[in-house]
Amino acid sequence: MSKPPRYFWIPLILSLILVPAGFWYVGWSKSGEGAGLYSRQWVPDAMFAYWNPTAFYKPVDTIVGKFEGEQCVACHTSVTPGIVKDWQASRHSHAEKKVYCSNCHGNDHQALHMPTPDICATCHATQHNQFEDEKRFGFPSHALAMERALDAKHFVDKPKAEVTACLHCHSVASKCDSCHTRHRFSAAEARRPEACITCHSGPPHPDDETYFHSKHGQLYLAQGAQWDWSKPLRKGNYPAPTCAYCHMQDGKHQVADKSIWKFGIQKINPLSSGNEIKRKQWIKLCSDCHEPEMAAKSLTALDQERKRAWDKLFQAESLLKGLRRKSLLYPSARQRPPYPGDAPDKLWPREAIGFLEGQSSAFYNVSPIERNYFEMWYFSNLGAYKGAAHGDASFVAKGHQAMELSLESIRKQAETLRTLGKTQPTNIWLNGEYTDYNREHN
Amino acid sequence: MSKPPRYFWIPLILSLILVPAGFWYVGWSKSGEGAGLYSRQWVPDAMFAYWNPTAFYKPVDTIVGKFEGEQCVACHTSVTPGIVKDWQASRHSHAEKKVYCSNCHGNDHQALHMPTPDICATCHATQHNQFEDEKRFGFPSHALAMERALDAKHFVDKPKAEVTACLHCHSVASKCDSCHTRHRFSAAEARRPEACITCHSGPPHPDDETYFHSKHGQLYLAQGAQWDWSKPLRKGNYPAPTCAYCHMQDGKHQVADKSIWKFGIQKINPLSSGNEIKRKQWIKLCSDCHEPEMAAKSLTALDQERKRAWDKLFQAESLLKGLRRKSLLYPSARQRPPYPGDAPDKLWPREAIGFLEGQSSAFYNVSPIERNYFEMWYFSNLGAYKGAAHGDASFVAKGHQAMELSLESIRKQAETLRTLGKTQPTNIWLNGEYTDYNREHN
Amino acid sequence: MSKPPRYFWIPLILSLILVPAGFWYVGWSKSGEGAGLYSRQWVPDAMFAYWNPTAFYKPVDTIVGKFEGEQCVACHTSVTPGIVKDWQASRHSHAEKKVYCSNCHGNDHQALHMPTPDICATCHATQHNQFEDEKRFGFPSHALAMERALDAKHFVDKPKAEVTACLHCHSVASKCDSCHTRHRFSAAEARRPEACITCHSGPPHPDDETYFHSKHGQLYLAQGAQWDWSKPLRKGNYPAPTCAYCHMQDGKHQVADKSIWKFGIQKINPLSSGNEIKRKQWIKLCSDCHEPEMAAKSLTALDQERKRAWDKLFQAESLLKGLRRKSLLYPSARQRPPYPGDAPDKLWPREAIGFLEGQSSAFYNVSPIERNYFEMWYFSNLGAYKGAAHGDASFVAKGHQAMELSLESIRKQAETLRTLGKTQPTNIWLNGEYTDYNREHN
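Top line first, the protein sequences correspond to chains A, X and U.
Mapping of the first sequence onto this note's numbering: position 363 corresponds to residue 363, and the numbering continues sequentially without gaps.
Mapping of the second sequence onto this note's numbering: position 340 corresponds to residue 340, and the numbering continues sequentially without gaps.
Mapping of the third sequence onto this note's numbering: position 177 corresponds to residue 177, and the numbering continues sequentially without gaps.
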């Protein structure tokens, strides 16, 4: 047996050093206050005390003393009667063993805490575990919403006012009252679409627009006030489906396992064996009311719509890749201003085009033509997808028309770049004003 | 009595040949599956089985046997309990002679059919006849929605994803459950605006936006859940009007006969004797609640708004016609790519400008300046009209500002074209990418 | 004691002549029919009979006779049953001393009048006085909405269709049924957001969008139909706040005294002693449900958002002022077409940039770069403000992104103007088409 050669030992030794070093680096970068790879560089605004209470909430020491159950209620009936009424209407106050303010907030008034998901989980372990289980399916998912958002470089670079706004919704990962509002924490409330659409609206995820424009949504709008929302989300209980009826059947707190086209952001094979199982799950669900053939045809129509969308997106990607080969994209990956903590990308910069290459970083800091593709992909494409999935024809039509226009514009820009043989001038999405703005405030 | 000259016989003989030939040609072209002049060239998507069931629905042969009334209900109570509950809540199940599933779908489970308007008409002949009666008023109308849409050439040419989306709504011609949803088929439901606005929303007919922004709509939104919707649409029964209250008074299933400005797409004489009669009908209707003078003044305000809109539109048309006279529109009618089945237009091509000349074909395949006019006319103008008609001031303001901007842009483009003496370069709306795209898929 | 010099007497004499002359001139210019400095030049549309009934309503002399109370009701039960039912459901008909039609409209049927705020004030003096009291806080305010709008020069110049639409809402100053609709005049109705948002929607004041996208608004949408709206707007009575709960606490009919950032249209010092008092009022109000710290942090977040917005706006203003110093703005103040009644500005024309200099006149009649700033300030900035104030993160993000884009565009235009050393060509916002259009119709 001969001695292993150098090309065996060198990679092995490098791995033994670099892999732990990488883990250490990521761990260190995440060890600041709050979530995300840049937690040491990104200082959140004041409201984070409530959006990520585990990391940022600091109790107010106005009242001295330790209080239990009825004592809290007695005093707060006059201080904050509204939330006491909410609690009185909740199952917490009707349980045999009542769940009092102090059970969730603690009883030392100078060291009160906000109820984090872990605290809710002491009683609602099933739901919490289902919620956490979404992490298996990667991002986007509710449970990873805050952490993965703050892993993105653009959160450190973009103007604080914009990214703080994003995180208002991403705080769903850190608190249960995004859907079950204080202090009724009602299951009935969360069964209604309004619980979801505070966040699920507008580009890139026009879920409320597309649902409310569908016949399902119109039935809800017209008649929902008369439905009995205390019933579980199960066959026969509701005259029309809501967000939760389809995506959280039987109240399951995990919405990621039935998604075929995921979130519309990448092309998938809709006929893979895994997706055939999901398809059957959908057909079974839709058959609560419709004939199975109709469900199957609707899913086929969705596949057709998706195929048409990706035909257009791939045409655009192909044009962009052609430009990249001829070095006609400015800035090239090497010319982009480095992000904070961007060591790996500085060593090995590369231009990302399309989802698989990491287009999500194309929010800004890219050439105009790449930004156009980003908008085509992230706004128009996702709008069309949601329209097709939720039964709103107008969003399909609008989204596809917008994609046609983008493709045409990308095609012309590409032609100009190839003809002139030179790159586009500096612009808003580049390292200039937009990117630099407020960097010191983040 | 002299012998009739040649110019008498030749046209006569030609007519005797060509008129029947024309009828035969149109009949043949419409004789494919589905509706429209291009039914032999345009293959619809899978969902058409439900959107135009008469032409496309094929029964599923899963269950063997013939079933009647209670048997259907017995089994479907566990298979699809929701729709059985809907039926149980309907008048169909409370009638002395119950209307069972089998009465509408047939009773051979391997040869079930979808209930088409004709089937509904066996009991609801009055409503069906009123609905069909809309055809007298031409298109746009509900009863011609599917056929006339598919008579348009652009349905064969445009990307399938877009036109399929359009037809989702145009299927109103082929099925009654666009407004009375399965399986309650409720009159009360169709009295509420949500029954209409699944389709009547967005450009070019922002009916929901303009109604819901009006005071009428705001009253509905705030209080509608408490109104008694079982009452007929008649004076004194509703605190504020809805779509159907004004447009389908007393439940009349025909909405075309009271319209003065039609759908805002052409200039009309609002003071013609026919329109004076319609005006009196409107004033009588509005006087259910308002003083007649207010109704008259509102209609005058609408006339003023329309006159201002058409002043602007005619200025734009006049500019376009000037360009056409000097052959400054590219593509000219002869240069446009022929549409499928476009024989008559190939023999005698002409540039259409404005509604009376057929501007509805200006969706695409035209010069940029003509497309600008199309958008001014079809989106901004119609938005302003709906705002004025439904009492939403903001849409009037937005629409007129948009028309000013379009007019200004058209004026400048026209000036440039006249100055340079040459036509505009190829573009998205022309025979290029957009028009060609997916032609093979249609 | 020496004789006062000439520079003492001349100004004194001039003042004694010019100040009364100025007052006389303003008084004379306002003495036309209707409100506003241009009431002699601006003839309103027909609907003003109802929007400003004090000035324009003329009774219809169809019915002869004088009628009292029950007589009106007896006849109108068949003529207009809907509004009689409304009245019967109102407190007016249940009061010990009933308020009949004739009490508000008069009893001579040939000389009926519309009930103006003064007539309502005979019983509801407290509310009317509170409403009028808003005038102390200047414009924008409800009580000055009609008059101040018609003081603006652009109302005389802009196309009538657009400005008439604006005044539909501004009529709130002239009639109480903008919020308490005929003939129920319900307090409960006005407590719901729909009473406000007929007007408070869309740019520049997207109050409905931002409220309805907030968690407060979503709770209202989902559950509001079940709340007891007869209760006063007071701590503990409502599960979530509405427009009126926060802005018209305890039913106070004056919304101007608690506003810190006013309407977002100018930068203020949020920490002035006056604003510290308002801040305490807000914290007290929010503490009806939230912990005071959360309210304080929310206000701080609002201050941060505002500071960031004004950083951007001041950068844009500074660029514009630089251009003005070098005479690179076209049209300059001297080149703009004079407004009607524009004597003072003709004597001393000046370019207005930013709010304090009167940017509100930049709707039109300005250079493109100034219009861009106007849109940045009036639409994007105000949208972001409303989002931050009402708890809708998406409007903050959208508004700030739009401001970044505007700032970038302004920066580039400024660079081009400085480089080329010449001014921009004529455009839509200038004296050309837009401004001239319809001048004769106003």
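Be careful, since some hints might not be right.
Identical chains blur together in the list; that is why a pair holds if it fits in one copy or across any two.
[Said to hold, decoys possible] Straight line, CA to CA, 30 Å or less: simulated DSS-like cross-link-like pairs of lysine-lysine:
#1 LYS398 with LYS252
#2 LYS258 with LYS66
#3 LYS321 with LYS307
#4 LYS215 with LYS258
#5 LYS215 with LYS235
#6 LYS267 with LYS297
#7 LYS66 with LYS85
#8 LYS252 with LYS284
#9 LYS85 with LYS321
#10 LYS278 with LYS58
#11 LYS98 with LYS215
#12 LYS321 with LYS252
#13 LYS231 with LYS85
#14 LYS215 with LYS252
#15 LYS215 with LYS58
#16 LYS235 with LYS58
#17 LYS262 with LYS30
#18 LYS135 with LYS398
#19 LYS284 with LYS58
#20 LYS297 with LYS30
#21 LYS412 with LYS398
#22 LYS215 with LYS398
#23 LYS97 with LYS262
#24 LYS321 with LYS258
#25 LYS326 with LYS412
Calculated from the structure, these hints are not laboratory results.
So, going through the hints one by one against the coordinates:
For the homomeric pair LYS398 and LYS252, neither the shortest alpha-carbon distance inside one copy (33 Å) nor that between copies (33 Å) is at most 30 Å. Taking the closest pair of Cα atoms, LYS258 and LYS66 never come within 30 Å of each other, the shortest separation being 47 Å inside a single copy and 36 Å across copies. In this homomeric assembly, LYS321 and LYS307 come within 30 Å of each other (Cα to Cα) only inside a single copy, at 20 Å, whereas the closest approach across copies is 41 Å. In this homomeric assembly, LYS215 and LYS258 come within 30 Å of each other (Cα to Cα) both inside a single copy, at 22 Å, and across copies, at 28 Å.
In this assembly of identical chains, the alpha carbons of LYS215 and LYS235 lie at most 30 Å apart whether taken from the same copy (18 Å) or from different copies (29 Å). Proximity of LYS267 to LYS297 under the C-alpha cut-off of 30 Å is restricted to the intra-copy arrangement: shortest distance 20 Å within a copy versus 43 Å between copies. For a Cα distance limit of 30 Å, the shortest separation of LYS66 from LYS85 inside one copy, 22 Å, qualifies, whereas the shortest one across copies, 53 Å, does not. Proximity of LYS252 to LYS284 under the C-alpha cut-off of 30 Å is restricted to the intra-copy arrangement: shortest distance 16 Å within a copy versus 39 Å between copies.
With identical chains, the CA atoms of LYS85 and LYS321 are never at most 30 Å apart, being 60 Å at best within one copy and 56 Å at best between copies. Taking the shortest Cα distances, LYS278 and LYS58 sit within 30 Å of each other only across copies (25 Å), while inside one copy they are farther apart (44 Å). Taking the shortest alpha-carbon separations for LYS98 and LYS215, only the inter-copy value of 27 Å comes in at or below 30 Å, while the best intra-copy value is 41 Å. In this assembly of identical chains, LYS321 and LYS252 lie within 30 Å of each other by CA distance neither inside one copy nor across copies; the values are 42 Å within and 59 Å between.
Within a single copy, LYS231 and LYS85 get their C-alpha atoms as close as 22 Å, and across copies as close as 15 Å, so both meet the 30 Å cut-off. For a Cα distance limit of 30 Å, the shortest separation of LYS215 from LYS252 qualifies both inside one copy, at 25 Å, and across copies, at 23 Å. Taking identical chains as interchangeable, the C-alpha atoms of LYS215 and LYS58 lie at most 30 Å apart only when they sit on different chains, with a minimum of 23 Å there against 46 Å within one chain. For a Cα distance limit of 30 Å, the shortest separation of LYS235 from LYS58 across copies, 26 Å, qualifies, whereas the shortest one inside one copy, 45 Å, does not.
In this assembly of identical chains, LYS262 and LYS30 lie within 30 Å of each other by CA distance solely inside one copy; the values are 27 Å within and 41 Å between copies. In the homo-oligomer, the alpha carbons of LYS135 and LYS398 lie at most 30 Å apart only across protomers (29 Å), although the nearest pairing inside one protomer, at 33 Å, exceeds that limit. For the homomeric pair LYS284 and LYS58, the shortest alpha-carbon distance between copies (20 Å) is at most 30 Å, but the shortest distance inside one copy (48 Å) is not. Taking CA atoms no more than 30 Å apart as the test, LYS297 paired with LYS30 passes between copies only; the shortest distance there is 25 Å, against 46 Å inside one copy.
Within a single copy, LYS412 and LYS398 get their C-alpha atoms as close as 21 Å, and across copies as close as 28 Å, so both meet the 30 Å cut-off. When the C-alpha separation of LYS215 and LYS398 is checked against a cutoff of 30 Å, the pair qualifies both within a copy, at 18 Å, and between copies, at 28 Å. Neither within a single protomer nor between protomers do LYS97 and LYS262 lie at most 30 Å apart by alpha-carbon distance, with minima of 42 Å and 49 Å respectively. In this assembly of identical chains, the alpha carbons of LYS321 and LYS258 never lie at most 30 Å apart, being 33 Å within a copy and 56 Å across copies at closest.
In this homomeric assembly, LYS326 and LYS412 come within 30 Å of each other (Cα to Cα) both inside a single copy, at 16 Å, and across copies, at 29 Å.
Going down the numbered hints, you'll see the structure goes against 1, 2, 9, 12, 23, 24, while the others check out.
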